[in-house]
Amino acid sequence: MELENFIILFIVIPMGTGVIGVLLKQRVHIARVLGVLSFLATSALAIGLLVHLRSDPAGILVSQMGAWPAPFGISVVFDSLSGLLLAASSLVALACYVHSFSTVDPVAEKRYFHPMVQLLMFGVNLAFLTGDLFNLFVSFEIMLMASYCLLTFGGTRLQMTQAYKYVLLNLVGSTLFVIGAGLVYGMTGTLNFADLALFVSERQARGEALPPGFAALSIALLLVFGLKGAIFPLWFWLPDTYYTCNVSIAGLFAGMLTKVGIYAIARTFPMIFAHGHSDAAKVVMPLLAISAAFTMFLGVLGAVSHHNIRRILAVHVISQVGYMVFGLALMTRVALAGCLFYMIQHMVVKSCLFLCCGIVERHTGTDDLDKSGGLLKRDTYLAVVFFIAAMSLVGLPPLSGFFGKLVIIREGWRESMWWLSIFGLLTGALTLLSMLKIWSYCFWSPSGESIERTPANMPNTSSLRPAYIGATLLVCVALFLGFGAQPVYEIAYRAGEQLAAPEAYIQAVLGPEVIENLARARAESAALATAAVEVTP
Amino acid sequence: MTISSPVLRNSMRLILPLMLLYALYAMLKGHNEPGGGFIGGMIMATAICTYRMSHGFAAQLRLMPVHPRVLIFLGLGLALGTSTVPLLLGEPFLRSAVGVFHLPFSGHAFHYASAMAFDLGVMLVVVGVGVGMITQLSEELE
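Residue numbers (our numbering), protein chains in the order written: chain A, 1 to 537; chain B, 1001 to 1142.
If you are wondering where the hints come from, they were derived from the structure by calculation, not from laboratory data.
The beta carbon of each residue, even a glycine, is placed where N, CA and C say it ideally should be.
One should not assume that every hint holds.
Unchecked claim - A partial selection of chain B residues facing chain A, derived with a Cβ cut-off under 10 Å: (1) 1033; (2) 1086; (3) 1092; (4) 1093; (5) 1094.
Go ahead and model the full structure; you've got the sequences and the hints to work with.
Put into structure tokens, the structure is as follows:
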């Protein structure tokens, strides 16, 4: 049994569970058990493989689907970057899924809710694993289809209005993505990430220029990924979308969807589109830096100005994405490692805050800060969980957010991007302010005057148990990321190295034989082209 | 939505078997040439929906006596199943078994690939989705 072939299980397990879930439409309890088992299996697999790969010198597992050799078939690659993200996303999905048992509308639950969550994770896992630009597009589409369904589960007017905008925007993004992928294929003749990286690094090694239009192409793709990742000018869709759907689903989206966009930038830009000191890099890097500053700072200003818990948290997603873009804009191995560490801790912590927000909403019947209060006495456990998660987000030293921010901001000083670092520090302070706002209004203030304890909004504690389990799971993961930051950061650093110096990735995916053949074929076609030019006049 | 037109009713009786047969042909041909499970499924779904237009919903139920959901389940299950079996044999995902088998009496060589089962799955999904959507929409019209 070869280990490589089994990385495909990250895709097969959620898809299989989703397919079975289609048939189990009415049997909600079996569907729930199966769904939990599926997420448990993928999390265990991801963590197991990560631990296994720590002692492996190459640290990359590659499987060629259908046994078609690499640049022609579709490669599935499990390296440190995908591994960490798969582990974090599976755990987040598990927690949000369990949490949804106490928030989901029972009618909606019988309308393919369970298969849709599984298919969403099918798309997310495929995006993290794939080694091919077109397949990345396919996985985005799978993910988006499932997210359209999950967004509109209530079928209310408000949800439909929001979903309409979201669908339209993503259709535009997807169209641009396909056009971009087509242009990449036209310019380079390949869509495989490793082959593309080889193409770029070979050209740079020989001192040749990249094909004309490569810089414009990379900006088009940056636009697509930035739209999914909600970076500076492209974030407008995010706050309202997260506001209208079910709170557990909002937690899942906050953890996953933007991060997939950022992952796509992290996977393609350091290796291919902005590798070395190409023309494209000269345009892309300042763009990323400026966008990081605006995303961080304007995002947090938006969060401070809002007065609903869920809106504050949603706008905060944007601000936190800014830190990741900051790491990407520096593009050194340490900064990329910091970006990755920040990504996984943000997935966990932000989803945890949304899950807490779901419990608060159940307690008070609203998420308006003015109308809620006194929760510290009513639900001390929730207050503790919320406090730990909020302080992790802010980045208080022993907690997880600190390490990500520390690495990125220090690297900013070292790379003489001090102005970005100052923005990062300012944003951190304002993050503290907005979190304290929720804390003081919602938990610390004396009981809000408007909580009428009618039977309608009385909390049903027995059915809230799954919600507490979900939030607890995530807060435990967040604490582990804080106190056990060392091993996680080591894996993240390895991922940063693999991204900054893609030779290992290229070797693992293509293999020495294919690389040699490709080099020979390219030299021959170049010779033919020059011969043709000599003949024509 | 049923259209009561004798021309459509009678011509559909002739066209339906041809369309179904052509759908199968397009699916099988797709292994090496243009065609395949998706387009075969589209043709089949079109045939079933047109039949519903000319003969009514009861006739469609006689032709396809299962809920579209079951077809989607079977199709996805078949596609996932055929692509997962290679894992158990130590081969990569989606690996296809290819070979030639000789027909018992005439001895004709018959090329087969296990990828065909995958294509059949795609076809079932497309038929399920196509017929399911049209049924839902026309129920709303009625």
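Here's how the hints hold up against the structure:
no., hint, in the structure
1, 1033, "violated (19 Å)"
2, 1086, "holds (8 Å)"
3, 1092, "holds (5 Å)"
4, 1093, "holds (4 Å)"
5, 1094, "holds (4 Å)"
Figure legend: structure checked against the earlier numbered hints; the only hint not met is number 1.
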